[in-house]
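Chain by chain, the residues run as shown.
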Amino acid sequence: MARYCLIAALAAFLLLGGFWQPYDPDAVDILARHSGMTAAHLLGTDHLGRDLLSRIMAGGWRTASVILSVGLIAFTAGTFLGTAAAVLEGWRETLILRCCEFFIMVPTLIIALTAAAIFGLSPLSAGLALGIAGIGPHALLAHSLSKRVLSQPFILAAHSLGVSSPRMITRHILPNTLPLMFAYVGNQAGIAVVAYASLAFIGLGADPSKPDWGSMLFEYRIFIFDHPMLIVWPGVMIAVTVSMLNWVFDNPGE
Amino acid sequence: MSSKLLSRLAATWLAAAALPPAGAALAVEPLRVGATYITSGTDPAKGSNGWALVSHGVGENLFTVDRDGKLVPELADKAERTGDLTWTVTLKPGRMFSDGTPVTAKALASGFDNTFAHNKAALATGGKLTFEVIDDLTLKVTTEKPVPYIQALFAEWPLIAYKPAGDGGAFFTGPYKISSFKADASITLEPNTHFTGADKRSPVNFRKFGDAQTMTLALESGELDLAFGLPSEVISRLKTDPDLTIKSFPVGYQYLAFFNTTRPLLRDIKVRQALDLAFDRKELAAAINGGEPATGAYATYFPFAGKDARPTDLARAVVLLEDAGWRKGAGGMREKDGKPFRLLAITYPQRPDLVTMLPVVKAELAKIGVALDTQVVENIQQVAATGDFDIALWAQHTAPSGDSAFFLNSMLRSGASLNYAKYSSPDFDAILNRFATEGDPARRIAIAIEAQAKLFADAPASFLVSPVWYVGMSKRLKNYEPWGSDYHVLRADIGEAK
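Protein chains in written order, with my numbering: chain R, 1 to 254; chain Y, 1 to 498.
It is possible that some hints are incorrect.
[Unchecked claim] Computed, partial: chain Y to chain R, Cβ under 7 Å:
1) E190
2) G222
3) V360
[To be verified] DEER-style ranges, computed between Cβ atoms:
4) P175(R) x A371(Y): 17 to 25 Å
5) G332(Y) x T94(R): 51 to 59 Å
6) S40(Y) x H34(R): 30 to 38 Å
7) I118(R) x R267(Y): 23 to 31 Å
8) A239(R) x T193(Y): 17 to 25 Å
9) M37(R) x K247(Y): 31 to 39 Å
10) M37(R) x D68(Y): 42 to 50 Å
11) M37(R) x S236(Y): 16 to 24 Å
12) Q382(Y) x P175(R): 34 to 42 Å
13) V106(R) x H118(Y): 23 to 31 Å
By construction, these hints were calculated from the structure, which means they are not laboratory data.
Treat the numbers as computed from the prediction; the structure is a model and nothing was measured.
The C-beta atom is built at its ideal place from N, Cα and C for all residues, glycine as well.
Using the sequences and the hints given, assemble the complete structure.
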């Protein structure tokens with residue numbers, strides 16, 4: 001139960017950043033730069049006097065957008081394709097699996113970098129690229145799990161009773177595969193957070209003034225010795241988010 | 001022969017073998033120099049290679065600006081006007097190219113012909129120049145347009161002096177010569193033995209760093225003897241390091257914002273004026289920890305610089321935007337006919353100060369309801385030439401030859417090759433035309449000030465900060481004195497401590 005409370009708190013924090021921050025994350029106040037942690041600025045300010053908590057929150061919303069996009073695209077399309085391949089069998093199964101294997105061959109980050117170079121880096125473009133790149137692995141896992149379920153005796157019984165394929169999927173296959181698929185999508189979401197932070201750190205096609213956690217690490221790296229908290233906070237947020245996603249989704253039944 | 005004698009002979013022979021032969025140069029540890037830029041090639045006629053090769057100590061000009069900002073002869077001895085469009089340039093005797101051949105009028109003429117044929121920036125002041133060899137040390141120069149000071153023209157950065165080589169390369173006359181070059185990475189220099197004092201100069205490994213922070217770390221870890229253009233954010237820390245010497249110096253560069261006058265939102269002069277008034281130059285100078293608010297197109301120490309800092313007036317800026325039809329919409333940002341006022345600002349990482357200024361500019365424009373997308377691009381000249389931007393934050397030495405005309409002619413005259421603002425004004429061009437015939441220094445100052453006033457009114461560019469720059473040196477180069485912005489980074493008098 002505790003883990004669900006924690007993930008709910010994290011989700012609330014990430015989503016809150018979408019519509020409220022203590023200060024405008026882009027507002028510059030040169031007189032207040034490097035203020036350190038104060039009551040007015042809980043995490044301090046950066047070299048331009050921008051409120052760090054506000055920037056972390058704004059970056060959290062952007063990261064949450066990526067997680068949601070990746071989860072939605074990869075999970076939905078991957079589960080559909082993998083399950084369909086398992087049920088359809090024959091040449092259609094082969095075709096779907098070969099296409100999914102193609103996605104695995106090309107590294108995810110390469111796909112995302114290419115998309116960022118062409119369309120610019122935003123939560124939407126990164127979420128789309130990482131989500132599409134995640135369809136292949138999700139589909140292969142869904143196919144494998146579905147095949148295992150299809151080999152169970154109760155499926156044979158269902159077939160004997162004349163249960164249609166759509167009903168077979170919704171009543172018998174998905175209820176057995178989805179828990180594991182959820183665990184996988186949780187792990188993949190953690191990887192997506194790191195991938196998006198990496199893309200923002202590299203900065204290819206990115207708007208450097210947008211407060212992504214990765215771009216903050218890049219922008220503040222120059223202060224690693226003088227004001228280390230500037231890179232500690234975005235680093236902590238990436239680590240906490242990834243750890244939490246992995247921890248909660250790894251074994252949801254516990 | 002006794003064994004004692006034999007052993008002494010053997011020892012003598014070994015010692016002799018270990019020593020270098022007479023006349024051979026001692027192996028010298030190269031100086032390690034870092035910067036965030038490097039020449040893009042060794043072809044002196046291409047792009048800004050002429051500037052970079054002079055900056056690297058490889059090339060020279062006929063005339064140059066010395067550390068006091070005075071225009072002085074370099075390869076030339078003198079230049080005399082012989083007609084409206086004709087000049088006679090006399091070269092200094094005894095100067096040599098790095099291949100050991102003498103510097104002659106014929107060799108230089110072939111180099112200049114090549115430059116004028118391939119580099120449009122060279123045409124900015126006098127049009128296309130033609131060269132006629134009178135004798136070994138005398139060159140007759142004919143300009144396309146009248147030029148009151150051909151000395152200043154020959155100090156302009158495209159006009160590096162060289163002798164074209166048969167293989168497409170060139171021979172130069174500077175204190176160093178290129179021994180190897182890796183594009184976008186490093187250039188290795190060795191002393192030019194045909195330049196005075198070669199035995200006192202060490203070879204140089206000049207490395208380009210992708211970002212100034214990496215260069216800072218390299219300096220701190222002892223990998224560099226000279227780091228040119230340190231980020232201002234690290235200066236206070238570096239000054240506490242007893243092994244390093246940190247120096248700052250005012251530069252002739254101006255940090256400015258070009259407004260792309262062909263973009264739909266910026267065609268309106270009122271909008272450009274509003275943006276100009278929205279910039280808080282004191283805040284921008286504070287953000288980069290050094291420099292002064294710009295007073296105009298030139299650093300304040302030039303006689304043709306403006307006297308007062310450019311104004312910031314948000315109320316007036318808002319009125320101008322309202323007059324132009326841009327009203328505040330939901331969220332406080334401006335829009336017209338449902339279209340949001342959103343601009344794209346670009347800059348480049350080779351000048352870290354500009355990257356620091358970018359979010360400050362965004363915040364300042366947000367105060368008048370203008371939204372800004374920002375981008376940092378590696379190849380700013382290429383992107384700016386395509387016109388795919390609204391605002392380009394730019395660093396430019398606006399008086400590299402000690403004269404005010406070159407910058408205005410090359411970057412703001414209608415149709416000029418480097419006119420990234422695409423500014424086109426017959427009135428402004430008419431003011432610039434007067435430079436061509438006016439030789440009196442006081443009157444040239446008046447023309448420069450009038451031209452700046454026109455720029456302030458039309459706002460194709462906004463002049464933001466006159467910066468100071470920082471260099472860091474190891475103990476080996478602690479006597480290095482920076483001057484001349486980045487036009488003379490490596491020089492014969494580099495100040496190496498032996």
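Here is how each hint holds up against the structure:
A hinted interface residue such as E190(Y) counts as satisfied when its beta carbon comes closer than 7 Å to some beta carbon of chain R; here the least separation is about 34 Å, so the hint is violated. For G222(Y), the interface hint is violated, the least distance from its beta-carbon to any beta-carbon of chain R being 16 Å, above 7 Å. Here the hint on V360(Y) is kept, as its CB sits about 5 Å from the closest CB of chain R, short of 7 Å. Evaluation of the 17 to 25 Å hint for P175(R) and A371(Y) yields a failure: the beta carbon distance comes to about 48 Å.
Between G332(Y) and T94(R), the C-beta spacing of about 57 Å keeps the proposed range 51 to 59 Å intact. Take S40(Y) and H34(R): their Cβ atoms lie about 37 Å apart, and the range 30 to 38 Å holds. Roughly 29 Å separates the CB atoms of I118(R) and R267(Y), a value that falls within the hinted 23 to 31 Å. Look at A239(R) against T193(Y): about 58 Å separates their beta carbons, and that is not inside 17 to 25 Å.
Roughly 35 Å separates the CB atoms of M37(R) and K247(Y), a value that falls within the hinted 31 to 39 Å. Between M37(R) and D68(Y), the C-beta spacing of about 49 Å keeps the proposed range 42 to 50 Å intact. For M37(R) and S236(Y), the hinted distance range of 16 to 24 Å is satisfied, since their beta carbons lie about 21 Å from each other. A C-beta distance of roughly 57 Å is found between Q382(Y) and P175(R), which places it outside the suggested range of 34 to 42 Å.
Between V106(R) and H118(Y) the beta carbons are some 42 Å apart, a value that contradicts the proposed interval 23 to 31 Å.
Of the numbered hints given earlier, the model fails hints 1, 2, 4, 8, 12, 13; all others are met.
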